[in-house]
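Q: Below are the chains, spelled out letter by letter.
2 protein chains.
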Amino acid sequence: MAPSSYQSAIDEAKALLGDRLSTGSSILQTHSHDEAYSKPCLPDAVAFVQSTEEVSQLMKICSRHKCPVVPYGVGTSLEGHVIPIHGGISVDTSLMNKVLEVHESDFDAVVEPGVTRTQLNDELRATGLIFTVDPGADASIGGMASTRASGTNTVRYGTMRENVMALEVVLADGRIINTGTRARKSSAGYDLTRLFVGSEGTLGIITKITVRLFGQPETISAATCSIDTIEAAVDTVIMAIQMGIPMARIELLDDVQMKGMNIYNPDMSFPEKPHLFLEFHGTEAGVVEQVDMFKAAAEEFGASDFQWATKTEDRNRLWQARHSAYYAGKALRREADSLVTDCCVPISSLAACITKTKQLIAKSGLIAPLVGHVGDGNFHLLILFDPNSTDETNAATALAASVSELALEFDGTITGEHGVGSGKKKYMQAEHGEAYSLMSTIKKSLDPNNIMNPGKIVDVN
Amino acid sequence: MAPSSYQSAIDEAKALLGDRLSTGSSILQTHSHDEAYSKPCLPDAVAFVQSTEEVSQLMKICSRHKCPVVPYGVGTSLEGHVIPIHGGISVDTSLMNKVLEVHESDFDAVVEPGVTRTQLNDELRATGLIFTVDPGADASIGGMASTRASGTNTVRYGTMRENVMALEVVLADGRIINTGTRARKSSAGYDLTRLFVGSEGTLGIITKITVRLFGQPETISAATCSIDTIEAAVDTVIMAIQMGIPMARIELLDDVQMKGMNIYNPDMSFPEKPHLFLEFHGTEAGVVEQVDMFKAAAEEFGASDFQWATKTEDRNRLWQARHSAYYAGKALRREADSLVTDCCVPISSLAACITKTKQLIAKSGLIAPLVGHVGDGNFHLLILFDPNSTDETNAATALAASVSELALEFDGTITGEHGVGSGKKKYMQAEHGEAYSLMSTIKKSLDPNNIMNPGKIVDVN
Numbered sequence: 036m037a038p039s040s041y042q043s044a045i046d047e048a049k050a051l052l053g054d055r056l057s058t059g060s061s062i063l064q065t066h067s068h069d070e071a072y073s074k075p076c077l078p079d080a081v082a083f084v085q086s087t088e089e090v091s092q093l094m095k096i097c098s099r100h101k102c103p104v105v106p107y108g109v110g111t112s113l114e115g116h117v118i119p120i121h122g123g124i125s126v127d128t129s130l131m132n133k134v135l136e137v138h139e140s141d142f143d144a145v146v147e148p149g150v151t152r153t154q155l156n157d158e159l160r161a162t163g164l165i166f167t168v169d170p171g172a173d174a175s176i177g178g179m180a181s182t183r184a185s186g187t188n189t190v191r192y193g194t195m196r197e198n199v200m201a202l203e204v205v206l207a208d209g210r211i212i213n214t215g216t217r218a219r220k221s222s223a224g225y226d227l228t229r230l231f232v233g234s235e236g237t238l239g240i241i242t243k244i245t246v247r248l249f250g251q252p253e254t255i256s257a258a259t260c261s262i263d264t265i266e267a268a269v270d271t272v273i274m275a276i277q278m279g280i281p282m283a284r285i286e287l288l289d290d291v292q293m294k295g296m297n298i299y300n301p302d303m304s305f306p307e308k309p310h311l312f313l314e315f316h317g318t319e320a321g322v323v324e325q326v327d328m329f330k331a332a333a334e335e336f337g338a339s340d341f342q343w344a345t346k347t348e349d350r351n352r353l354w355q356a357r358h359s360a361y362y363a364g365k366a367l368r369r370e371a372d373s374l375v376t377d378c379c380v381p382i383s384s385l386a387a388c389i390t391k392t393k394q395l396i397a398k399s400g401l402i403a404p405l406v407g408h409v410g411d412g413n414f415h416l417l418i419l420f421d422p423n424s425t426d427e428t429n430a431a432t433a434l435a436a437s438v439s440e441l442a443l444e445f446d447g448t449i450t451g452e453h454g455v456g457s458g459k460k461k462y463m464q465a466e467h468g469e470a471y472s473l474m475s476t477i478k479k480s481l482d483p484n485n486i487m488n489p490g491k492i493v494d495v496n
Numbered sequence: 036m037a038p039s040s041y042q043s044a045i046d047e048a049k050a051l052l053g054d055r056l057s058t059g060s061s062i063l064q065t066h067s068h069d070e071a072y073s074k075p076c077l078p079d080a081v082a083f084v085q086s087t088e089e090v091s092q093l094m095k096i097c098s099r100h101k102c103p104v105v106p107y108g109v110g111t112s113l114e115g116h117v118i119p120i121h122g123g124i125s126v127d128t129s130l131m132n133k134v135l136e137v138h139e140s141d142f143d144a145v146v147e148p149g150v151t152r153t154q155l156n157d158e159l160r161a162t163g164l165i166f167t168v169d170p171g172a173d174a175s176i177g178g179m180a181s182t183r184a185s186g187t188n189t190v191r192y193g194t195m196r197e198n199v200m201a202l203e204v205v206l207a208d209g210r211i212i213n214t215g216t217r218a219r220k221s222s223a224g225y226d227l228t229r230l231f232v233g234s235e236g237t238l239g240i241i242t243k244i245t246v247r248l249f250g251q252p253e254t255i256s257a258a259t260c261s262i263d264t265i266e267a268a269v270d271t272v273i274m275a276i277q278m279g280i281p282m283a284r285i286e287l288l289d290d291v292q293m294k295g296m297n298i299y300n301p302d303m304s305f306p307e308k309p310h311l312f313l314e315f316h317g318t319e320a321g322v323v324e325q326v327d328m329f330k331a332a333a334e335e336f337g338a339s340d341f342q343w344a345t346k347t348e349d350r351n352r353l354w355q356a357r358h359s360a361y362y363a364g365k366a367l368r369r370e371a372d373s374l375v376t377d378c379c380v381p382i383s384s385l386a387a388c389i390t391k392t393k394q395l396i397a398k399s400g401l402i403a404p405l406v407g408h409v410g411d412g413n414f415h416l417l418i419l420f421d422p423n424s425t426d427e428t429n430a431a432t433a434l435a436a437s438v439s440e441l442a443l444e445f446d447g448t449i450t451g452e453h454g455v456g457s458g459k460k461k462y463m464q465a466e467h468g469e470a471y472s473l474m475s476t477i478k479k480s481l482d483p484n485n486i487m488n489p490g491k492i493v494d495v496n
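Line by line, the protein sequences are chains R and V.
So the number in my numbering is just where the residue sits in the first sequence, counting from 1, plus 35.
So the number in my numbering is just where the residue sits in the second sequence, counting from 1, plus 35.
No wet-lab data here; the hints were simulated from the structure.
Take the hints with a grain of salt, since some may be wrong.
Derived DEER-like restraints, expressed as beta-carbon distance ranges [unchecked claim]:
#1 V/Gly53 - R/Ala331: 56 to 66 Å
#2 V/Gly53 - R/Gly171: 24 to 34 Å
#3 R/Pro75 - V/Ala331: 51 to 61 Å
Note that this is a predicted model, so its numbers are computed, not measured.
The beta-carbon is built from N, C-alpha and C at its ideal position, and this holds for glycine as well.
So that you can see chain R by itself, here it is in the shape it has in the complex:
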């Protein structure tokens, strides 16, 4: 049962939104969790907002009653970002799903937060332009901005940090602001756009996003190869970057992950050792040159089993293994639950960090396949465990914690792209030191009543 002050907020929100303010139990259930292995919490109500003005009215109501507000995209976040741990109203943006403007000459588009990345790319098809950020899940662009998402082609095209040009945001008190213009760059004051990107709904609700687009490459080529050790694989990538090869994707999959691949895709039979999966974008001649240069570099580090493809169906077949990584990982122990974590370190430390991680996995007794966006120094672990075993559950949690600690030892960050949510808040002090108190100062100044997704990123009193 909602506290009485929340109930007043809910009543007023109901008057504002009618049927689009729901307290139905299945709706509450859907909005009680994301894809993290975290305890779900029900919101007291879910608001299906349709416009910025509505969000503003809703925030004024919630601000008056000090009722928590948790923005919700499609629920694919991985650290409990959308879990209403203090109750209140979950603000679902799925009805705000229009691509508002596409500016072909300016390589940008303005979208509502509920637009998903595949929806945007579908609507862009005729323009020859693409939105490049690809975190795997078909996340909403509002959610991707909120968590500073990235993914497989960040090494070439950047994260949401680089690909969000401006935002419209509704603040805790209902004020509506625009954080930028459509100009490609600006030196006009504090970078509010970047302040809100990655703030996980703790500073305001994103109601419009101007995203950067790129031209569809003339030619795309895909390649895979196997390499005996993680170290050789990372060294190959460092050399390829030093050579200036503009790789669009460069993914590392470890031996355990490759074993899962073979189980999940019975028609495949990869050698069970580390693999690199690559994609090259450019002109026809440029792509051939990139592949040749990469092959030469990789062979110096003992790579073998080269395959490459340019035709769409061949590329898709080649990359299917990478795209099915999650299910292939799960195939290693079908009955298990999974806990996903990520971290990011300087690329020169990546091999050492992964080696230590694999030692910790061995010690834990668990199976945990590893996939990395190696060009960025970012890797993921899919930790498989039996949720009915307290020992295994503890071991899984401890392993995830160790990965965060290792990342800090290697001058890295506790999360490269998954975010903090409630899951990683406990490591924030260790990563940021005194700077963490500054996050708290900023949070308090923008949200003095602590109603914006309270309990995420930083605690305030």
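Dock chain V against the given chain R, drawing on the hints supplied.
A: Coordinates of chain V only, in the frame set by chain R:
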């Protein structure tokens, strides 16, 4: 004479720094202005700091006495950023000029704020890596971070926003924070790095900068061509970007600027019409392909007078005209003073915005050559006027103001790369609306006594 509270701060600073705290009149003079056409103001003292710890001690002193502090790099800012308009202490970082770390495999370096960009590139020479941001002046990297500088090769490599990975900052109260790690990306909380980049010393003093580096390109090629109209020149660039040509620099110079070129470089005889100056980076074959593709695109829009060069000396000769743009512009009226302004608009509006700007120049009766980073939608005006004529001085100021207003009409920003300082503060409300009050909220929360470069970017009470 310094107010007595400042005098107490200065006395304590003297005890801390000895001879490195100066009140000598020529030193005060040097720190009273930058390259803006703004009224100089003397600081009460200049502190030549040598370490982060010293800056921290100094900030504690100034915080206790509410004494203004103005960070100073090399004084090449263009909007009065370093002018101590409320007196206080100018903190000169020129003695903090060490390149502390270069991580070749990670493509990053850690530098002190007084390191200049050419110094860094000189020290990087043996590594095959380059720091790419080039605002023209040999600015300090601390200053470039503070003003979110960019320049000619932003279109390929990004601005300081993209090229600063992390900062060490001393806050108003003397606390020392680190805003990030050396990981290439992170989703661990608010993006404090981007908050300080472009904050012009109003939120803290930058004492260490981790910058991103790139591999030196295998081949560099330069090209120039003339095009009949600004519109055709911009359309050429839009098409070249759509074709995916990864141009490293793409500069527009208008007919007036080209006239100045011919005067300043007597051995040159460019046709007096708009020109594009380009640079291509890549493999040998890749660069040839880029040039060919660009030439084909440009010819569709009527470009002529193509020249290109790959050998260093030929490239330098070709680009010398562009690199001497400032002096060439001044050569149009040698006895005049100059007022420099910039703005940035979506590239689809650039031709229209420049056309309107040129109409305003004609109306003003002044000479004002124009140079643009056309790939970013950013252009500069060098307004020449007689400082002894009130009419001309007013006309110059009015013209600069009109350019800011035009930029906003075209959904752009009042400054693409020069910053706000005190010069452009008056347009901030018009650009940012309600968001401008958020900048004030942030400023107050981080610097409650308003001692960090007060009067710049945003006024607080």
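Q: For each hint, tell me whether it holds in the structure or not.
A: Going through the hints against the structure:
1. Under the hint 56 to 66 Å, the C-beta atoms of V/Gly53 and R/Ala331, about 58 Å apart, fit the expected range.
2. Distance hint for V/Gly53 and R/Gly171: a CB-CB separation of about 58 Å, inconsistent with the stated range 24 to 34 Å.
3. At roughly 58 Å, the beta-carbon separation of R/Pro75 and V/Ala331 lies within the given 51 to 61 Å, and the hint holds.
The structure fails hint 2 only (numbered hints given earlier).
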